[in-house]
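Reassemble the complex: the two chains are provided individually, in unrelated frames, and hints are given to aid placement.
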Amino acid sequence: MQQQPNEISLQKHGEVTLLDIKGDITAFSEPFLNDAYKNSNSEGAKKILFNFDDKAYINSGGIAVLIQVLAQTKRNNQTIGITGLSEHFKKVFHMVGITKFAVIHPSLDDALKAMS
Amino acid sequence: MDQQTVEINLPNQAGYERVAMGSVAAFAKGVGFLPDRIEDLKTAIAEACINAVQHGNKNRPDARVVVTMSFRDGVLYLSVLDEGDGFKETPKEPDIVRIMNNVDPPVGFGVFLMKKLMDGFEFKKLPDHRNEVRMSMKLGK
Numbered sequence: 001m002q003q004q005p006n007e008i009s010l011q012k013h014g015e016v017t018l019l020d021i022k023g024d025i026t027a028f029s030e031p032f033l034n035d036a037y038k039n040s041n042s043e044g045a046k047k048i049l050f051n052f053d054d055k056a057y058i059n060s061g062g063i064a065v066l067i068q069v070l071a072q073t074k075r076n077n078q079t080i081g082i083t084g085l086s087e088h089f090k091k092v093f094h095m096v097g098i099t100k101f102a103v104i105h106p107s108l109d110d111a112l113k114a115m116s
Numbered sequence: 117m118d119q120q121t122v123e124i125n126l127p128n129q130a131g132y133e134r135v136a137m138g139s140v141a142a143f144a145k146g147v148g149f150l151p152d153r154i155e156d157l158k159t160a161i162a163e164a165c166i167n168a169v170q171h172g173n174k175n176r177p178d179a180r181v182v183v184t185m186s187f188r189d190g191v192l193y194l195s196v197l198d199e200g201d202g203f204k205e206t207p208k209e210p211d212i213v214r215i216m217n218n219v220d221p222p223v224g225f226g227v228f229l230m231k232k233l234m235d236g237f238e239f240k241k242l243p244d245h246r247n248e249v250r251m252s253m254k255l256g257k
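Listed in order, the protein sequences are those of chains Z and S.
Note that our numbering gives residue 5 to position 5 of the first sequence, counting from 1, and the numbers run on in steps of one.
Note that our numbering gives residue 164 to position 48 of the second sequence, counting from 1, and the numbers run on in steps of one.
No wet-lab data here; the hints were simulated from the structure.
Everything hinted at is true.
Far from chain S by the CB rule (all over 10 Å, computed), these chain Z residues:
| hint | residue |
| --- | --- |
| 1 | E7 |
| 2 | S9 |
| 3 | D20 |
| 4 | K22 |
| 5 | P31 |
| 6 | K38 |
| 7 | G44 |
| 8 | K46 |
| 9 | A56 |
| 10 | I104 |
| 11 | S107 |
Listed below are the simulated SDA-like cross-link pairs for lysine to any residue, each with C-alpha atoms no more than 25 Å apart in a straight line:
| hint | chain 1 | residue 1 | chain 2 | residue 2 |
| --- | --- | --- | --- | --- |
| 12 | S | K232 | Z | V103 |
| 13 | Z | K90 | S | L150 |
| 14 | S | K232 | Z | F93 |
| 15 | Z | K100 | S | V213 |
| 16 | Z | K22 | Z | H105 |
All residues carry an ideal CB built from backbone N, CA and C; glycine is no exception.
Just chain S, same shape as in the assembly (with noise of 0.2 Å):
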């Protein structure tokens, strides 16, 4: 982990998600980002902090979900971890008619606004077998 780089280690439980809010707020205001941009950045790595929860770590009390942001060549990344299986394909586009209709349930907002409101977004699966989304934004975008 390199001197710039920022980790937070969050109990896996709901709510805590707001502590990641606080602290990329923080960090992204210091590195130049502007207000309407890190908006953006709170609702993100929210939703990436409850997705680890619920589905990642399955609401497991003794799991954690660790957040790390860094700012390198004028870009935030943000990574969250959680001990998961990962998805096992990606959630699908919500489509507020189906679901209003009740055809869909209504679900998979949470990927939708990540990918909506970030430059770049990704899953991976680490070789310690620990689920990871990593995010990025550009500054002055």
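The following block holds chain Z by itself, in its conformation from the complex (with noise of 0.2 Å):
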């Protein structure tokens, strides 16, 4: 059962490169989050947003492939948000642990006030 290539659009909004994430988030999703990340970086982005699609369906493959990303975040030094989560997937990214490296915001317009 094929899962849809996720479509990922990159957005400036002044500081802030929005990183908008359609579709769910599983180990599928690794070269597309890469690419994303990799075309952001290329545009020297130092403060990022992933936003989520609040429908999505996120499994441990996915958390591990957001975690490496994560990982190159921290190693450049940039600052990374999180919105668009459900309150259940909120919960699960901080029980992974996913809240020490970057802040969850309640809405997109919270996010992007908070990280400009």
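Below, the structure is given as structure tokens:
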């Protein structure tokens, strides 16, 4: 049962590079997340906001991919925000410790304000 | 198998955990679980199925994953069976700091989430050599 490729658009909002991520986040998402991060990096992004689809299914494979991307952002001294998650996945992200390395914002507007 | 038990037999392929998720969600809703606990159940059953496909059945196309759900005395029981050898040792809890610093690989989140989200969790090796993950969740907790 093949997952659809993630569609990830890159938008600049002042200092913040927004990665708007559509679709479920699983191990299959690895090339799409990595390419999107590479593109934002090549544009010199210092602040990156990951906006997820609130209906997205996120599994441990997707969490592992996301953590590997976050490890790159840490090495590159980038500030990372996350938004768009359902309440359940906010809880899951907190459980696995992603909140030690990225701030989860309640909404896209809140995130853009806080990160600017 | 009693009359209130539901069993689903899945292909051994990534993606089919979504069938188990939908079934468990419908079953849990039917016996009275609230939406936030249903989301916990969906994540837990997805992780169990993914582990069964990848680690238990080693992605073998001829293998199957069997998911069973039942509800007794206020407790929902889930079982996920694969045809593998089981875990040689319980995966250690992932440490995100060590993973972010490239000291540890990014593994172990599936078992970690099942243990955190469910009230009961155990591995069992069955007499027919299949491997079983058993989980439980109390209604109203």
